[in-house]
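We have chain A; now place chain B onto it with these hints.
There are 2 protein chains.
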Amino acid sequence: MKQPKDETVTQIAVVVADIERACEHYAAVFGIEKPAWFLTEEADESQIRYRGQPTPARAKLAFVEFANLTLELIEPVDGPSIWRDHLERCGDSVHHIAFGVKGMQQAVDEYEARGVPMVQKGEYPGGRYAYLAAADKLGMDIELLESA
Amino acid sequence: MKQPKDETVTQIAVVVADIERACEHYAAVFGIEKPAWFLTEEADESQIRYRGQPTPARAKLAFVEFANLTLELIEPVDGPSIWRDHLERCGDSVHHIAFGVKGMQQAVDEYEARGVPMVQKGEYPGGRYAYLAAADKLGMDIELLESA
Numbered sequence: 001m002k003q004p005k006d007e008t009v010t011q012i013a014v015v016v017a018d019i020e021r022a023c024e025h026y027a028a029v030f031g032i033e034k035p036a037w038f039l040t041e042e043a044d045e046s047q048i049r050y051r052g053q054p055t056p057a058r059a060k061l062a063f064v065e066f067a068n069l070t071l072e073l074i075e076p077v078d079g080p081s082i083w084r085d086h087l088e089r090c091g092d093s094v095h096h097i098a099f100g101v102k103g104m105q106q107a108v109d110e111y112e113a114r115g116v117p118m119v120q121k122g123e124y125p126g127g128r129y130a131y132l133a134a135a136d137k138l139g140m141d142i143e144l145l146e147s148a
Numbered sequence: 001m002k003q004p005k006d007e008t009v010t011q012i013a014v015v016v017a018d019i020e021r022a023c024e025h026y027a028a029v030f031g032i033e034k035p036a037w038f039l040t041e042e043a044d045e046s047q048i049r050y051r052g053q054p055t056p057a058r059a060k061l062a063f064v065e066f067a068n069l070t071l072e073l074i075e076p077v078d079g080p081s082i083w084r085d086h087l088e089r090c091g092d093s094v095h096h097i098a099f100g101v102k103g104m105q106q107a108v109d110e111y112e113a114r115g116v117p118m119v120q121k122g123e124y125p126g127g128r129y130a131y132l133a134a135a136d137k138l139g140m141d142i143e144l145l146e147s148a
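Just so you know, the protein sequences line up as chains A and B, in that order.
Under the working numbering, the first sequence has 90 at position 90, and the numbering climbs by one with no breaks.
Under the working numbering, the second sequence has 17 at position 17, and the numbering climbs by one with no breaks.
Any given hint could turn out to be false.
Heads up, the list lumps identical chains together, so a pair's fine if it works in one copy or across two of them.
What the hints assert, rightly or not - Only pairs whose alpha carbons sit at most 20 Å apart, straight line, appear in this in silico EDC-like list of lysine to aspartate or glutamate:
#	residue 1	residue 2
1	Lys121	Asp78
2	Lys5	Glu88
3	Lys137	Asp44
4	Lys5	Asp44
5	Lys137	Glu33
Derived by calculation from the structure, the hints in this document are not laboratory data.
Extracted from the complex, chain A is given alone in its bound form:
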């Protein structure tokens, strides 16, 4: 596993109750055009698994590009999911930071060996993701992203 000094934080993700409203706020505060959002694919496409089980959960996603990373907005749709858990527990707030990996299973195994369990995973057009439940230790979760 990379040392933090060699690890790039590619995303910071904020879970929100209302992505339309959040996009309006991001546009107003940063003086940009309102980010567009889209709905993730249905479960049979995304192969989403939450705590080992299939779930119908989807999400509305929007992105704001900063110079050195992407800020992601996530509104949970249906559930259960790690996004909905976070929203119910914490309200609109930062949920995770993301790292790119090569070799998803090995990376997940390494984090799990360090006490950070994988609790949700899925596919998206172009790659796959896994969420590691680190909030109790790090104050936020970790997402691993692997391009296909």
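This is chain B only, laid out in the frame that chain A set:
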């Protein structure tokens, strides 16, 4: 004010109840030496102002360097402060992202004109900071940092 695509996120900051314990967790999860923390200067040095008033608040700070930004851990000491507010409301969690600025007052004025009020400011060896209360709009606050 810079557009997000030209703005570098220099820090992500996590407010924690116990920085010693948080440093142990960061070391264990990321396989690094335990980060060292230090206590910020007393109020007469830091010139800290919270909601326009002097406050005895200080903080214990530790840093973990990633390739493209610094992760900051903050334990509130005494108060009142924006850090203590966040900890009491949200527990251990991400409080803000930081941007570097040149011309602090102009930057603060621009954010305030966009509906994001400055609620805490202070000096540190080498520069000054200001916190903008954006959590209700962005899901996190913003810190502006200006080198002296």
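**OP:** Taking the numbered hints from earlier one at a time, note which ones the structure violates and give those numbers from smallest to largest.
**Re:** Per hint list: 2, 3 and 4 violated.
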